[in-house]
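Could you put together the complete structure from these sequences and hints?
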Amino acid sequence: MDSDDSFGLVFVATMADGVTSARVYSSEHHAWGMPILLPSTTTATATATTRKQQQRQRVCVSTLGHVARSNTNNNNNNTALVYFECRWNYGILEYDSCKQQLSFIGLPSLCEHKCITLMTDEDGGGLGFAMIDVHRDSNLFTWSRKDDGDASADPSCGTWAQQREFDLDELFPSDVLFTPFATATRVVAVVNAFTDVFIGTVHGIFTVDLNLGRVRQIHHSSHPCDIGQIVPYTTFCTPVVGNGLCPR
Numbered sequence: 534m535d536s537d538d539s540f541g542l543v544f545v546a547t548m549a550d551g552v553t554s555a556r557v558y559s560s561e562h563h564a565w566g567m568p569i570l571l572p573s574t575t576t577a578t579a580t581a582t583t584r585k586q587q588q589r590q591r592v593c594v595s596t597l598g599h600v601a602r603s604n605t606n607n608n609n610n611n612t613a614l615v616y617f618e619c620r621w622n623y624g625i626l627e628y629d630s631c632k633q634q635l636s637f638i639g640l641p642s643l644c645e646h647k648c649i650t651l652m653t654d655e656d657g658g659g660l661g662f663a664m665i666d667v668h669r670d671s672n673l674f675t676w677s678r679k680d681d682g683d684a685s686a687d688p689s690c691g692t693w694a695q696q697r698e699f700d701l702d703e704l705f706p707s708d709v710l711f712t713p714f715a716t717a718t719r720v721v722a723v724v725n726a727f728t729d730v731f732i733g734t735v736h737g738i739f740t741v742d743l744n745l746g747r748v749r750q751i752h753h754s755s756h757p758c759d760i761g762q763i764v765p766y767t768t769f770c771t772p773v774v775g776n777g778l779c780p781r
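When the sequence shown is numbered by this note's numbering, its final residue is 781 and no position is left out of the sequence of numbers.
Calculated directly from the structure, the hints in this document are not laboratory data. Computed from a prediction, not measured in an experiment: that's the story for all the values here. Where is the CB? At the ideal position from N, CA and C, for every residue including glycine. Don't take every hint at face value.
Unchecked claim - So the derived label-pair ranges between C-beta atoms look like this:
1) Ser707 <-> Ser559: 50 to 56 Å
2) Ser560 <-> Glu645: 15 to 21 Å
3) Arg747 <-> Gln695: 20 to 26 Å
4) Arg697 <-> Met548: 34 to 40 Å
5) Val764 <-> Tyr558: 15 to 21 Å
6) Gln695 <-> Asn725: 16 to 22 Å
7) Lys632 <-> Val724: 27 to 33 Å
8) Leu745 <-> Gln696: 17 to 23 Å
9) Gln695 <-> Pro568: 21 to 27 Å
10) Asp666 <-> Tyr766: 25 to 31 Å
11) His563 <-> Ile751: 34 to 40 Å
See the structure below:
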């Protein structure tokens, strides 16, 4: 949202024919812009990697995807980057508001098909994600993406680096983390890096302060997927029609 209370809305979807595009709504012009297509490689000389990526892009946008925003990059401090998770966690879509460009970001190979949650990295401006690997003692891992390309040892994506690892066994009873439901234990949302992490379990939703090691249950559940998504916010603005006021 701009200082004059105007705003833009980004809508990204994959159609039945496999074409993924973004459209932007401008409150200033009261109109939707033209579709911005996700580039894909269609030439006969495409490499195996690009063909694999192209196949993934046909199932791109998750209806329960999270959105993270970054207001800075190396070239333009005013650029807003909006990120969308791909269905089945194949990768991430990035919308660049300055370039009006939609692009695909691959995940580290060991993180594919895992339940990831997008977040702002520890530096406070870049793209990152958090995940719990139920096959690795239910530890929580955080990753960040670097623009300089020096951070990743995984050649399939080239820009990701694992940042931190947290042992959740020290914070949760064993019957909370280890359940017959493999996807029940997951990161649902991340706020303020590591001071407010929402973790979903078969018993409900917990908030965790990873820096202080504090855990608090905020929702009790009898179903492992009772709450699939949390959208945290610190301020909320609803325009009032007619008088130009915007309560906060």
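Check each numbered hint against the structure and report the violated ones by number, ascending.
2 and 9
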